[in-house]
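Trainee: So the sequences go chain by chain: A and B.
Going by numbering that gives the first Met the number 0, 351 is the number at position 352 of the first sequence; the sequence numbering is gapless.
Going by numbering that gives the first Met the number 0, 413 is the number at position 414 of the second sequence; the sequence numbering is gapless.
To be clear, the hints were calculated from the coordinates, so they are not data collected in a lab.
Simulated restraints, written as ranges between beta carbons of each label pair:
hint : chain 1 : residue 1 : chain 2 : residue 2 : range
1    : A       : Glu69     : B       : Ala456    : 29 to 39 Å
2    : B       : Pro385    : A       : Tyr567    : 26 to 36 Å
3    : B       : Val6      : A       : Leu71     : 32 to 42 Å
4    : A       : Asp588    : B       : Ala372    : 28 to 38 Å
5    : A       : Gly200    : B       : Gly66     : 44 to 54 Å
6    : B       : Pro368    : A       : Val399    : 51 to 61 Å
7    : A       : Ala595    : B       : Pro368    : 27 to 37 Å
8    : A       : Asp213    : B       : Pro471    : 32 to 42 Å
9    : B       : Pro385    : A       : Gly200    : 14 to 24 Å
10   : B       : Val413    : A       : Gly562    : 39 to 49 Å
11   : A       : Thr565    : B       : Ala456    : 44 to 54 Å
Here are some chain B residues pointing at chain A (derived, C-beta under 7 Å):
hint : residue
12   : Val163
13   : Leu206
14   : Leu207
15   : Ala210
16   : Phe225
17   : Val227
18   : Trp271
19   : Met273
20   : Leu274
21   : Val288
22   : Ala289
23   : Ala398
24   : Ala470
Treat the numbers as computed from the prediction; the structure is a model and nothing was measured.
Heads up, the beta-carbon is just placed ideally off N, CA and C, and yes, glycines get one too.
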Amino acid sequence: MIDVCRSLPIWLIPALPAAGFVVLALVGARFPRRWVAIVGAGSVGAAAAATLCTAIGFLGRPPETGVIEERLWSWIDVGSFEIGFNLAVDALSLVMIFVVTFVGFLIHVYSTEYMADDSAYSRFFACMNLFVAFMLMLVLADSLFLLYLGWEGVGLCSYLLIGFWYSDPANGAAARKAFIVTRVGDTAFAIALLLLYKHAGTLDIQAAMAWAADNWAVGSGIAVAVALLLLGGAVGKSAQLPLQVWLPDAMAGPTPVSALIHAATMVTAGVYLIARTHVVFELAPTAMTTVAAVGAATLLLAGCSALVQTDIKRVLAYSTISQIGYMFLGLGVGAWSAAVFHLMTHAFFKALLFLGAGAVIISLHHEQDIFKMGGLRRRLPGVFWTFLIGSASLAALPLVTAGFYSKDLILWAAWSSDSGSPWLWAAGAGGALLTAVYAFRLVFIVFFGDERGHVERRPGLLILVPLTVLAVLSVVGGFVETPSALGHVSFFFDLLDPVLPPAHATVAGHGTEVLLQTVVAAITLLGVGLAFFLYVRRPAIPAAVKASPLGAWLCGLWLSGWGFDTLYDRIFVRPFVAVAGLLRADPLDEISSSVARVIAAGNSALSRTQDGRVRTYAFGIGLGAVIAVAVVVLT
Amino acid sequence: MSLADFVPFLPEIFLGCAGFIVLLAGIPLGRRGSRPVIALAVAALAATAVLIFLVGRPAAGPQLILGDMLVVDQFAVFFKLLVLAASALALVMAAGYLDRAQYSGGEFASLILFADLGMFIMASGANLASLYVGLELMALSVYVLVGYFKLEVKSNEGAVKYFVLGAASSAILLYGISLIYGTTGSLDLETIRVTLAEVPHQNFLLLLGIALVAFGMLFKVAAVPFHVWTPDAYEGAPTPVTAFISVAPKAVAFAMFLRLFAGTFAGEVEHWRMLLWIASAATMIYGNVAALTQINVKRMLAYSSIAHAGYALMGLVAGSDAGTWAVLMYMAVYAFMNLGAFGFVILLESRGYAGERIEDFAGLARRHPGAAAGMLIFMLGLAGIPPTAGFMGKLYLWAATVEAGYIWLAVISVLMSAVSLYYYFRLVVQMYLKEGDAEDESPAEMLSDRWAGAAIAVCAVMTLAIGLWPAPLVGWAKSGLSALGLV
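Whenever a hint applies, use it, and build me the whole structure from the sequences.
Mentor: Structure, rendered in structure tokens:
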């Protein structure tokens with residue numbers, strides 16, 4: 000069994016969704032919807048099966064080096080520059096492909112029902128399959144070049160799917176915004192790759208990391224520069240400060256897209272990138288501190304914004320930004336495995352929440368305003384219970400949810416790690432309060448209280464089954480790694496150990512750990528209680544706060560995501576547009592257009608040589624022969 | 000010469016017999032259009048390929064046969080298979096075209112087979128005499144093919160111009176061969192190579208001979224200033240013939256060029272390199288600049304094919320292993336892209352005429368999105384944009400040129416590639432951004448021709464596949480090197 004699994008080619012995993020894309024893109028429009036659904040969801044399901052098989056092979060007989068490499072072909076081989084098309088599976092990519100294929104498969108199944116009425120059914124599944132293929136390429140890549148290719152590929156799919164309903168210009172604008180803002184980060188990433196190549200002479204991940212560890216001193220300028228540029232790429236893709244502005248607008252895409260791309264997988268690629276290149280970050284303590292600071296600031300700012308949103312998807316979008324902030328906090332204090340653990344549990348519960356939100360939205364005929372919902376607990380019991388579990392996991396309700404275990408590890412590392420500090424811990428704990436409040440605010444407003452919307456249709460099995468599976472994962476997904484006071488299961492960290500070193504901790508005291516866990520648990524429960532008090536018992540209080548001048552100002556600020564859009568509009572967009580307007584009639588263009596004029600003049604001169612007369616031609620050939628002889632004899 | 004010598008020669012013997020059989024079979028089969036006889040010819044090409052695999056491959060190292068007239072090596076096999084693929088694709092594209100124009104397919108297919116036989120001998124000639132015979136067999140077949148539409152003035156005009164200039168260039172080439180024979184005393188390539196090392200390098204007659212042979216080769220690959228026949232012949236010829244002659248004869252002309260200059264005359268490289276440098280630069284500049292304003296797509300592609308010969312010449316200038324296999328690779332890549340592009344010109348019909356004008360492509364993306372996407376692939380490929388094969392081909396040529404130190408030549412080719420985007424994308428703009436003539440009641444339409452469609456699809460798939468997965472072709476092209484005694 001294990002041998003069979005080990006012999007399964009890894010390239011099948013990205014190739015299956017890619018094949019699905021090719022089929023759907025070429026002939027999908029002529030397929031009946033049923034076939035489109037089978038190809039679309041089936042190809043990802045097959046990739047999930049292949050992942051399972053690879054996982055069995057990997058866990059059953061772990062490779063000695065910790066990596067299964069698969070050399071496919073040499074793509075570019077010029078001089079000393081060689082780019083291979085090679086894949087590698089280690090524990091980190093195994094976790095990632097597991098999340099991408101399984102969560103991806105559930106979301107595809109859900110989409111077959113969710114998108115059933117859409118006229119561009121096959122285009123949707125074609126793009127989704129292409130996304131999964133690129134995402135798998137990103138996490139399986141053996142070289143940073145291939146990783147970058149997947150990175151850009153998922154960006155393209157994100158663009159195509161945010162603007163999926165392109166007939167509304169607002170959606171097109173949101174898609175462009177997402178593409179352009181992430182491109183700022185991508186540019187930094189590309190420069191990081193060029194720097195790394197210039198110094199290490201290779202883009203092969205393992206070789207480049209080994210080279211960096213051997214040749215760069217801790218804290219050296221080049222290591223810090225490369226780490227900060229990589230961080231630039233990561234904050235763009237993962238919507239962290241200061242490039243977080245695109246993600247809330249990205250909610251313009253269909254809800255399964257938000258679940259898959261803008262919650263569970265693509266936006267966590269930045270976390271993956273930093274974990275993958277952690278060697279460089281360990282050489283750059285300044286960059287590590289920056290990562291932690293970015294994470295802490297982002298999780299607080301986004302948490303505040305999530306508190307006041309009225310669009311159900313925007314609440315979840317800010318929550319995603321905030322939770323990825325936790326992951327960055329974990330990365331910044333060297334708790335690599337904890338960050339990847341939170342990435343996994345977050346993928347489960349955030350996909351669940353988005354899919355639940357999607358089920359609510361179509362039940363109410365595309366209503367997204369939470370204040371036009373309410374009392375849905377009785378109308379949509381299946382959605383309610385799963386959404387409740389997802390929210391509990393997001394809020395990190397102690398002991399029973401996956402979110403608790405993963406967030407707890409990050410907070411403990413923020414306190415105890417060498418690069419941690421009580422301040423980082425306090426930011427995380429404050430974020431925990433915000434998370435609990437906004438998560439349960441959503442539950443109470445949408446599912447409790449009076450019925451305000453009219454339920455038009457009830458979700459079918461294809462929606463409820465993925466919700467249930469994700470709900471189960473949102474609970475049990477945390478039991479693969481528990482703290483020492485709670486059974487001390489360490490399956491997950493043991494798995495990742497060969498790839499990601501454990502956090503360095505000196506102040507670790509068992510008593511402190513339990514004390515801090517209790518404090519965070521209390522804060523979480525306090526947050527849930529506060530949400531219950533404010534949104535069920537005394538809804539007048541938030542209304543009154545909103546009505547006060549300070550409250551109104553703060554609400555407006557948070558609603559707009561701290562005004563970053565306006566700020567960027569003032570300092571980047573408008574000056575850019577103004578400069579572009581100036582350059583439009585700029586004499587600088589004359590330089591390039593004069594080249595075109597010279598070429599055009601050359602063209603008319605050369606055209607005259609082709610006059611159609613054989614004697615002219617023969618003369619030209621004869622002259623050419625004389626020149627040829629002269630050149631050969633004289634050189 | 001023993002009977003065993005004929006065994007590796009079986010593919011050529013078979014091809015020659017097939018040419019006669021197809022010619023005769025065309026008479027009874029011709030009553031049902033050209034498709035049956037073209038199917039027969041394509042089957043013969045496939046059988047030839049099988050024969051090459053069975054007996055026509057070198058067992059170990061190059062093998063001289065038939066009194067050292069021909070050599071069987073990996074280098075020749077590469078070009079023979081390329082010729083077979085290009086001929087088969089061109090024939091399949093031609094079937095419907097000939098039927099529509101009401102010309103018979105038998106003579107057409109048999110001329111292609113005879114041209115292929117000539118090209119086989121050019122690819123594996125080991126003696127200046129056999130090379131010349133192969134070249135003339137190819138050239139005579141092609142002159143007739145260009146003038147195949149005997150009732151059309153342009154077809155006749157193209158054929159006559161091509162023939163007159165071709166005959167003149169053959170005379171000059173022969174004169175060059177005779178000078179080389181006179182100074183070295185041999186027509187055998189290996190003997191000449193060995194003798195050259197002993198002859199004083201400044202021997203005027205020898206250099207004159209080399210210059211004139213270079214002239215003949217530059218004429219065949221249509222390099223500036225010996226390209227003058229190309230636009231008229233390409234525009235006048237029936238489109239499938241244009242597709243064929245822009246690909247297969249050019250490829251084997253490069254094969255012969257490489258065998259002579261990268262092999263036999265390699266010792267004299269310092270004398271001919273400057274000539275090829277100038278020819279390469281002039282060809283790239285002329286082809287690309289002259290293509291800019293063409294309004295006829297066939298003529299535009301004719302200038303484009305001149306430009307591509309200029310790119311490939313860079314590999315010869317580099318004069319290294321990398322340069323040589325880059326030429327092999329580029330010829331294969333260019334074959335699929337160019338055949339595909341001409342395939343669409345074959346299929347486009349505008350008000351009962353062939354859609355050869357640029358405007359005929361207007362609005363095509365709306366009416367035939369699949370065809371427009373295919374044409375886009377070929378235009379991207381010819382312009383050398385990744386991830387198409389065209390980019391990979393140019394990348395290796397550039398790498399070889401830069402490595403050999405000819406940076407300026409590489410710079411010129413990059414700049415000229417940028418210029419080429421203008422005319423390739425003029426077609427793309429027409430297809431995607433123009434609405435098509437509003438008053439025009441019947442805008443140009445793609446004919447539905449399953450045969451040609453399938454051939455174009457093969458070209459499109461190859462253009463993308465080689466771009467993404469070049470390794471097999473690269474490996475194969477590299478395997479052709481050892482034959483030239485370069486490695």
